[in-house]
Structures are given as structure tokens and as C-alpha cells.
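Asks: Residues per chain are reported as follows:
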Amino acid sequence: MKIETRNKLTGFSFIALWLIGFLLFWAFPLIFSFVMSLNHITIQTDRLLFEFVGFHQYHRALFMDAEIPNVSFLFIAQSLIIVPVIVVFALIMALMLNTKFPGRGVFRAIFFLPVVLTSGNLINELTNQEQGTLSFLQSTTVTNLVMTLPATWALAVTNVLNSFLMVLWYSGVQMLILIAGMQSINPSVYEAAKIDGANDWASLWLITLPGITPFIFISVVYTIVDQFTAPFNPILEVILHHFMEPATGYGYATAIAWLYFLLILIILGFVTLIFRKPLGLKK
Amino acid sequence: MSKHKLLDIAKLVIILFLLVIFALLYLQPILFMVSLSFKSLSDIVDPSTRWIPNNPTFMNIEFALGQMRILPMMLPGRGLWDNLVTSTLFVSVLTAIPSALVQLFTCAIAGYAFGRCEFPLKRTLLVLLALTYVVPPQTIFIPLAWLNNQMGFLNNPMAFVAPALFGHGLNGGLFVIIYMQFFRKIPKELEEAALIDGASPYSVFLKIIFPLAKPAMVVVFLFSLVWHWNETFLTGIFYTRIATLATQITQVNILPQELVQTLMPAIMASGLLFITPILIVYLFAQRFFTESIERTGVVE
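These protein sequences, in sequence, are chains F and X. So that you can map any letter, position 186 of the first sequence is 186 in the working numbering, and since no number is skipped, the others follow by simple counting. So that you can map any letter, position 230 of the second sequence is 1230 in the working numbering, and since no number is skipped, the others follow by simple counting.
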């Protein structure tokens, strides 16, 4: 046997377990749920009754259901606010936590703490107790300002403001990613820049930010994926509502879930497109 | 020179000032939770008591212990397992720890394959790996529940351990990527030397490569532990007769609205009981954890 073939066989034996798992726990459920989305499903006492309707449920979700465009817009509007807020906040915190000062470990421990606490139910409890917001964000000045926005945007902004602190809580992992990125930059680059007369502000823009662009990209992707299952997500509520609703049933709910999955892929594709140039991925 | 030093100190003071403010804001909900958990009724009505209760009480914690079903209900005439799974703490621990331990190993195998090995269709499989990370669980939970039902894994932690055995499971894709990035940075000579000495590729992985991945193991194990502990959606689907601590919290919330107001301290006490175990793990592991993340470089 040629060495190359043998290497490939060895490699394949390492991936085999994962591949079986993929077929069982991803490929099969995805195909199954896609078939479900093409059927109207009624629940009998002992089994599910499938009635093939083709893409009708997709058509219905996209063009006939008044709730879905509203909720999707709300989700996109919220994400447009939340994602930059989280990433910029994480970036600022990472910059501060990456400077050397006594007690840095304690601060790091505090800011990474929410990473272990971000459980949907707990966050909901805290938001219900109005612990998720910052009091100055609920002052009348801010409220009046928000009310000048178009209604749908006002709702998105209000939702975000009401859970603003919880939104910030979701930035722990991103801080870790960005700090790791900052540490990957060779310190001698900063020294060289300093000798050439660059001040800290210039080094930030010319060395740090370009150096951590891939990490910023990863933080953005992570934040978006994280938002799918975040407790402030309005689309998930609609999907789960339809799962429980006998009239629309599993089929319709799955169709919406698939559209939601496509929306996520489109958003991620769009983000990749934005970052293509700074990442040097021009292909 | 001295002007430079002064500027540096001023910068440090500003940074510290901002960090302290943000740290207090960050901790406020947790402190609120702790404070309210120990407040007695007289403290709640008394507006002058903000943080430290005058008459601290364990009543709320006691109530929450019952409401959260922390302890198993030992009923005679029922099997030991059936008795133990009535404890939410038992279910949470049995969901999180085995899954995390299994993922720690199986995701490393897949990560090694993607990071260091050659095999047919590697590029396609890499795309599929990324795909597993972005599929919302809401899209596929019914087939998964069906699968678990067929295998008898409903109401059993195996529902989470089984996919983990194959290098998947909760956020398995992310863990494979973390290992992949880590293994890519290990010098190739290490493997080659061992292979020339006559070691099989499997013992090279087990005895040389895998033990090197300790920083990645720490990150994967802790994240897996935390995410399984905090999971509410899939546990809510797969566990119909049993509950984890994370899902049990909502049960407290179902109480009538008027009661919820007076039971607020009890609800917060429930939350406190839920986060305490993971908080203890975090306090012990956090230094090692943050250092490991920097050494693995997580994702590049």
C-alpha cells in the first residue's frame, strides 16, 4: 500500500466516529425536519399524520402570516443594536484588561463571571426584577428620545435598553477572544512604533486594531450565533408558539424554523462579506 | 521623562476608575440576588434597607430548597434511580459532568483529524463542521426527540451523553474547532519522530498529542460543563418527567402574579441555589481557565 493511501486511511479512521455522529445527529434530523416542513402534520393519539403540501407553508410564512415579517424585523433591528454594542463593549474592556496593573486578575474574574451565568431562565428572572437595566437608561429624557423613533425601531430600542446590562453580560466570551488576539501581537512591534514616535492612540489604530481584525470577526460571528438562542429573541417565541398550536402544527413551525436558519446563514454571509477586505479574503 | 510617567499614571487611574464602575454594574444583579435572598418580610417593606438586611433569614433559602426540588424524594417501593432523579441537583450534575468529560475526549479526536490528518472530502466535512455550529436547535429538536425516544433516552442524561460520544453534543462543533486550532500549532516533528520510532498513529495521538492539549481540555471541559448546566431548551424537550435546576427555576415563576411579588425573595433564592455550584467551580478554576484561553488562542 502506498504511504499516501495509508495516511488517508489513518486520517479517515480518526474522523470516522465524528462522521457517524454527524449522519446520526445532524444529517438525519435536518432531512427529517425538512420533510416535516413540507407537510401539514396533525397529531393523532398514537402517531403523527403527514399530509404533503410542498412549499405551501414556506409561502404562507413569508407572504401570508402578518406576524412573521414584524417579528423578523424586530429581531434584525435588535441584533443590529445588540451585536455592535456587545463587540465594541468587549473591545473596550479587552483593551483596558490587557494593560498591566495590580489586581488585573480580580477584574478579569469579575468580567468573565457572566460567562458561567448566562442561562436563559436566570436572565429572565433578573430582567423581570428590573435588574437587567441601568437606571439612567430609563429616565424620561431617554424614553422621550426613543419615542421619536419609528414604532418598530422604538420597540427594538426599548427591548434592548430594558435588558441593557444583560446584553453586556453576554460579552464575556468575546472579551476572552479579543484579549487572546491582543496577546498574539508581538510586543516588539509596539516598541518599534514607539521609537518611531507613535503615541498610544496611533498604535491602537495602526497596530492593535488591524492585528486583531480576525478576532473581531470571530467575536461578531460568535455574538450573532449566541443571539439565536438568547432569551431576548422574539422569533423563537413565535416558533415555539406554533409548535404548541394544533391548527398550524409541527409542519408550519418547522417551516418557520428553517426560514429562521436561512436568515441566520444570510446574516453570517453578509458579515463575512463585510470582513472580506480587512481579512484579506479576496477570492 | 517625568511628564511621560505622569501621563502613564493618569491613564492607569482612569482605566481603574472605569473598571471599578463597570465591575460594580456587572455585579449588581448578583449582589441584588444575594441580598434579597436573605431579606425577611420586615426588611422588604422597610425602604431604608437596601443591601444589608436588618433581620437576615434563611426562610427564603429553605423555601427555595423545596421549590427547586434540590433533594430527592425518597419514596419506598420505587427504584433507587427513580428516587434519585426526583432531585434536580442530581439530574443537573448527571447531565453536565459526564457529557463534559466525554466531549473533552471525543471532540479532541475529531479536532485532531481536522487539524492534522488527511482524508477524502476534508474540505466538505469542514464546511459541515461549521454548519453544525450554526444550526439552531429549534430546527431539529423534534427529530432528535424522536431519536431519543427510539433509543429510550428520554428522561435520561444519555440524551446528552450519546451525541457527545461521537464528538458532537451541545456546542460540540465549537469544541472540535478549539482542539483543531490547538493541534495545528504543535510542531509536526513531534509526531514524525514518534512514528519513525515505530509507534502507531493511535498511540502517538493518545500518548503524545492529546496530553499536550491540557489548556484546550480545560477550556472545553469548563465551557461544556457550564453550557450543559445552563441549558434550558433541549433539557426542557428531552426531560419531560425529570427536571434540571435550570428548568426548575421557571416553575417558581408559574405562581400567580400577586404571589410572585411577595415571593420575590424566594425566587431570587432559587436563582442563588442554581448558580452557587457553578460559581464555586468558577472560583476554583477561573485563573487556570483565563490563562488556558490565552494559551490556546481559542480560535484564529
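Any given hint could turn out to be false.
[Unchecked claim] Pairs of lysine-lysine residues, derived as BS3-like cross-links and limited to a Cα-Cα distance of at most 30 angstroms, are as follows: (1) K1122/X - K1207/X; (2) K1188/X - K100/F; (3) K1005/X - K100/F; (4) K1188/X - K1214/X; (5) K1185/X - K2/F.
[Said to hold, decoys possible] Derived Cβ-Cβ restraints for the label pairs, each shown as a range: (6) F1017/X - A109/F: 14 to 22 angstroms; (7) L1283/X - R6/F: 46 to 54 angstroms; (8) E237/F - L1279/X: 51 to 59 angstroms; (9) L1071/X - W201/F: 37 to 45 angstroms.
[Claimed, not checked] Okay, the calculated bits of chain X under chain F, using three or more residues with CB under 8 angstroms as the criterion: (10) 1039 to 1048; (11) 1227 to 1237.
It is worth saying that the hints were derived from the structure and are not from the lab. The structure presented is a predicted model; accordingly, all values stated were derived computationally and were not measured. Just so it is clear, CB atoms sit at the ideal spot from N, CA and C, and this is done for glycine as well.
Asks: Holds or violated: K1188/X and K100/F, Cα atoms, limit 30 angstroms.
Replies: Roughly 35 angstroms separates the two Cα atoms, so the pair is violated.
Asks: Within 30 angstroms, alpha carbon to alpha carbon, are K1005/X and K100/F?
Replies: Holds. K1005/X to K100/F sits at ~14 angstroms (cutoff 30 angstroms).
Asks: Does the beta carbon distance between E237/F and L1279/X stay inside 51 to 59 angstroms, or does it fall outside?
Replies: violated, 29 angstroms
Asks: Regarding the pair K1122/X and K1207/X, is the alpha-carbon distance no greater than 30 angstroms?
Replies: Cα-Cα ~25 angstroms, so holds.
Asks: Verify the CB-CB distance for L1283/X and R6/F against the hinted window 46 to 54 angstroms.
Replies: holds, 49 angstroms
Asks: Falls inside 37 to 45 angstroms, the C-beta gap from L1071/X to W201/F?
Replies: Since L1071/X and W201/F have Cβ atoms about 58 angstroms apart, the given range 37 to 45 angstroms is violated.
Asks: Confirm or reject the coverage of the segment 1227 to 1237 of chain X by chain F under the rule of 3 or more residues with a beta carbon closer than 8 angstroms to the chain's beta carbons.
Replies: This one holds; 5 residues, not fewer than the three required, reach chain F with a Cβ under 8 angstroms.
Asks: If you check the beta carbons of F1017/X and A109/F, does the distance land in 14 to 22 angstroms?
Replies: Check passed, 19 angstroms falls within 14 to 22 angstroms.
Asks: So if I understand the rule, the pair passes when the alpha-carbon distance is 30 angstroms or less; does K1185/X with K2/F pass?
Replies: Satisfied, since the Cα-Cα distance of roughly 27 angstroms is no more than 30 angstroms.
Asks: Does K1214/X sit within 30 angstroms of K1188/X, going by the straight-line distance between their CA atoms?
Replies: holds, 18 angstroms
Asks: Do three or more residues from the segment 1039 to 1048 of chain X put their C-beta atoms closer than 8 angstroms to C-beta atoms of chain F?
Replies: Violated - the segment 1039 to 1048 of chain X has 0 residues with a Cβ nearer than 8 angstroms to chain F, which falls short of three.
This entry does not satisfy hints 2, 8, 9, 10, going by the numbered hints stated previously.
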